[in-house]
Amino acid sequence: MYQYNARDHQLVRERVQQFRGQTERYLAGKLSDEQFLPLRLQNGLYVQRLAPMLRIAIPYGLLSSRQLRKLADITRRYDKGYAHFTTRQNLQLNWPQLECVPDILAELAEVEMHAVQTSGNCIRNVTSDQFAGVATDEVEDPRPWCELLRQWSTLHPEFAFLPRKFKIAVNGSQADRAAFLFHDVGVELVRNSAGETRCNIYAGGGLGRTPVIAELVRRELEPQHLLTYLDALLRVYNSHGNRANKYKARIKILVKAWGVERFATAVEDEWQFAKGGENTLTSASIEAMKAHFTLPDYRQPNADAEQQLQQQAASELAFARWLERNSHSHKQPGYRAVTLSLKPTGVAPGDVTDRQLEAIAQLADDYSFGEVRATHNQNVVLADVRIEQLYALWQAAKAAGFATPTVGTLTDMICCPGGDFCSLANAKSIPVAESLQRRFDDIDYLYDLGDLELNISGCMNACGHHHVGQIGILGVDKKGEEWYQIQIGGSAGKDAALAKVLGPAFSRDQVADTVANLLSVYTDNRIDGESFLETYRRIGLDPFKERVYAQAS
Amino acid sequence: MPKLVEQQQLCDNRWQVLDDQQPIPPSHYLLPLARWLAAREIAADGAPFGVIIDGDQPLEELAPTLAELPLIAIHFAKFADGRGFSTARLLRGRYGYRGELRACGDIFRDQLFFLQRCGFDSFELPDEADQSWLQSLHDFTVSYQAAAR
Numbered sequence: 000m001y002q003y004n005a006r007d008h009q010l011v012r013e014r015v016q017q018f019r020g021q022t023e024r025y026l027a028g029k030l031s032d033e034q035f036l037p038l039r040l041q042n043g044l045y046v047q048r049l050a051p052m053l054r055i056a057i058p059y060g061l062l063s064s065r066q067l068r069k070l071a072d073i074t075r076r077y078d079k080g081y082a083h084f085t086t087r088q089n090l091q092l093n094w095p096q097l098e099c100v101p102d103i104l105a106e107l108a109e110v111e112m113h114a115v116q117t118s119g120n121c122i123r124n125v126t127s128d129q130f131a132g133v134a135t136d137e138v139e140d141p142r143p144w145c146e147l148l149r150q151w152s153t154l155h156p157e158f159a160f161l162p163r164k165f166k167i168a169v170n171g172s173q174a175d176r177a178a179f180l181f182h183d184v185g186v187e188l189v190r191n192s193a194g195e196t197r198c199n200i201y202a203g204g205g206l207g208r209t210p211v212i213a214e215l216v217r218r219e220l221e222p223q224h225l226l227t228y229l230d231a232l233l234r235v236y237n238s239h240g241n242r243a244n245k246y247k248a249r250i251k252i253l254v255k256a257w258g259v260e261r262f263a264t265a266v267e268d269e270w271q272f273a274k275g276g277e278n279t280l281t282s283a284s285i286e287a288m289k290a291h292f293t294l295p296d297y298r299q300p301n302a303d304a305e306q307q308l309q310q311q312a313a314s315e316l317a318f319a320r321w322l323e324r325n326s327h328s329h330k331q332p333g334y335r336a337v338t339l340s341l342k343p344t345g346v347a348p349g350d351v352t353d354r355q356l357e358a359i360a361q362l363a364d365d366y367s368f369g370e371v372r373a374t375h376n377q378n379v380v381l382a383d384v385r386i387e388q389l390y391a392l393w394q395a396a397k398a399a400g401f402a403t404p405t406v407g408t409l410t411d412m413i414c415c416p417g418g419d420f421c422s423l424a425n426a427k428s429i430p431v432a433e434s435l436q437r438r439f440d441d442i443d444y445l446y447d448l449g450d451l452e453l454n455i456s457g458c459m460n461a462c463g464h465h466h467v468g469q470i471g472i473l474g475v476d477k478k479g480e481e482w483y484q485i486q487i488g489g490s491a492g493k494d495a496a497l498a499k500v501l502g503p504a505f506s507r508d509q510v511a512d513t514v515a516n517l518l519s520v521y522t523d524n525r526i527d528g529e530s531f532l533e534t535y536r537r538i539g540l541d542p543f544k545e546r547v548y549a550q551a552s
Numbered sequence: 000m001p002k003l004v005e006q007q008q009l010c011d012n013r014w015q016v017l018d019d020q021q022p023i024p025p026s027h028y029l030l031p032l033a034r035w036l037a038a039r040e041i042a043a044d045g046a047p048f049g050v051i052i053d054g055d056q057p058l059e060e061l062a063p064t065l066a067e068l069p070l071i072a073i074h075f076a077k078f079a080d081g082r083g084f085s086t087a088r089l090l091r092g093r094y095g096y097r098g099e100l101r102a103c104g105d106i107f108r109d110q111l112f113f114l115q116r117c118g119f120d121s122f123e124l125p126d127e128a129d130q131s132w133l134q135s136l137h138d139f140t141v142s143y144q145a146a147a148r
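Sequences listed follow chains D and H, in order.
Anchor point for the first sequence: position 207 equals 206 in numbering that gives the first Met the number 0, and the numbering is continuous, going up by one each time.
Anchor point for the second sequence: position 65 equals 64 in numbering that gives the first Met the number 0, and the numbering is continuous, going up by one each time.
No lab work stands behind these hints, which were simulated from the structure alone.
Here the structure is a predicted model, which is why all the values come from computation and not from measurement.
Some clues are possibly wrong.
[Stated by the list, open to error] Think about it this way: if two alpha-carbon atoms lie no more than 30 angstroms apart in a straight line, the pair counts; the simulated BS3-like pairs of lysine-lysine are:
id : chain 1 : residue 1 : chain 2 : residue 2
1  : H       : 2         : D       : 247
2  : H       : 77        : D       : 477
3  : D       : 255       : D       : 79
4  : D       : 255       : H       : 77
5  : D       : 245       : H       : 77
6  : H       : 2         : H       : 77
7  : D       : 255       : D       : 499
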């Protein structure tokens, strides 16, 4: 993974110094609430329902075991001994003291981490595919491009006061595991007909109140121009995005209002003056960045490794299940990627304790070259596990509580912190997740349902990605009471689709029954191994609607 | 008295912003854009003056006159409105403006570093600004991006 050089270290240290000064001035009354707001947000600090919340950046999800141990230590000393992996591959602390945040940032800087631009109306943490560099369907490793974007966007002087937040995702595989069509900018790495790397640039996607699928603004951009092109694109947005109404301020509204052609033309026009400028990448700078992401020291598998694995799976059903759901194919013969599930029943999805962070660090050191990836599904991936070690890893993961064999199934849900923590939420989401995990605890039934994304958000800001769940649940407020709107048919992949609302909202205790009804419509109607999504696309919304409301009335 | 940062030094701000009618003083005044466009012969007398524009002002009309202008002040209506940052980059980059670029209006200390990186070289500050504000011009000694100039 990327290693800081002297400049990177200097920059994060100076950032800590700057924020320490700002915090002191704020506490001394020399900086108003209004002025401190963007400064603290651009250092990841929110004021939440019960306490401040600090969001720490995990650039494109990559973490080393050393960083994990530091995070564990910080949660223990500055918080209540647990942290939360977010849906944008970041990590949140729920209980830091405002006065201590500069110290926390200083400690993070020691291990090449920071909270720069994890909130605020600026360019946020760049996200990507959790299987970057190891996926069998990969066209181009997105990580060097993500790091180039991270550096370019970090303290970008022109874009610290945008109309609204700005999220960039990079995908380099045939499948889309980065949801790039639901970002302000999605960068899709492709090959042109001559086999050279090119960037398709999509803009104007997003969830939130107004979910929109991004549109293509530039096909096959030569990658050396990636940063100057994005400078031009952001400049157009910064100059023309809506600043009068914060709910209409995202770039998606501008792209919709102008139409994608006019927007693309404006960017192209601006880019003619930025193109070839100092932010142009050279082949040397690209190669130097790629050198940070070389292959680890892979070993040849033993001749009988695969056979032995099959025997282990055949003799122990629980291991076979885990292997099927929680391990993933790998570019390198003899290796698999493994998802450590953070979705055991009864724990808020994505929550980990200090000890668990240390356990993950140990598993990374023992089984995966000391590195992990945070996923937007709020799990953690060990990307490079030898197949000879899978059985031992399974036992170790089980002991640490990470082996819930449900990855990709209904109960591996995405869920925001909701009304238990977040001051924006209209309703709680964690208890809904738990009620569903308790209701659908029959592993054979879950496997029979197959891949099924269920996403829960506690408000329309959609941190829980409910618009793109095959089943999406949205917490709403009706006259001071918490209700849940249910929608179906969303997809975050390249077949991107927004879910459609079934109808009137449900009370919390009706949610599990309603989901059960939706699933029964699917299992009654599916043909030839269709997924939930495929059945929905074939039969439409009505049969689901009918059963759900017939039962409810 | 309002302050000005010029060449990284804090001094009193003796510049006057004129409206469309006020008589033109001998020097140190800022003209609204329309007045400038209507009376460009002002530039001929060589006294220090400038034009003041809003952060969201389109630059097409101003562009042909840039070579005659020793100073452009960009006014920030609200500090959170970052359009002025892009306007500065446009002036410095796309339009190749070489004269003085001043940030004025609702700006505060913690924005000075970024403003400077975007090509501003002087800053109008509120009355309470003191020497400590100047430190913020040096918040960072390293940067990832190219500066405006």
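A quick look at each hint next to the structure:
no., hint, in the structure
1, H:2 x D:247, "36 angstroms, violated"
2, H:77 x D:477, "35 angstroms, violated"
3, D:255 x D:79, "44 angstroms, violated"
4, D:255 x H:77, "26 angstroms, holds"
5, D:245 x H:77, "15 angstroms, holds"
6, H:2 x H:77, "18 angstroms, holds"
7, D:255 x D:499, "20 angstroms, holds"
The structure is inconsistent with the numbered hints 1, 2, 3, although it conforms to all the rest.
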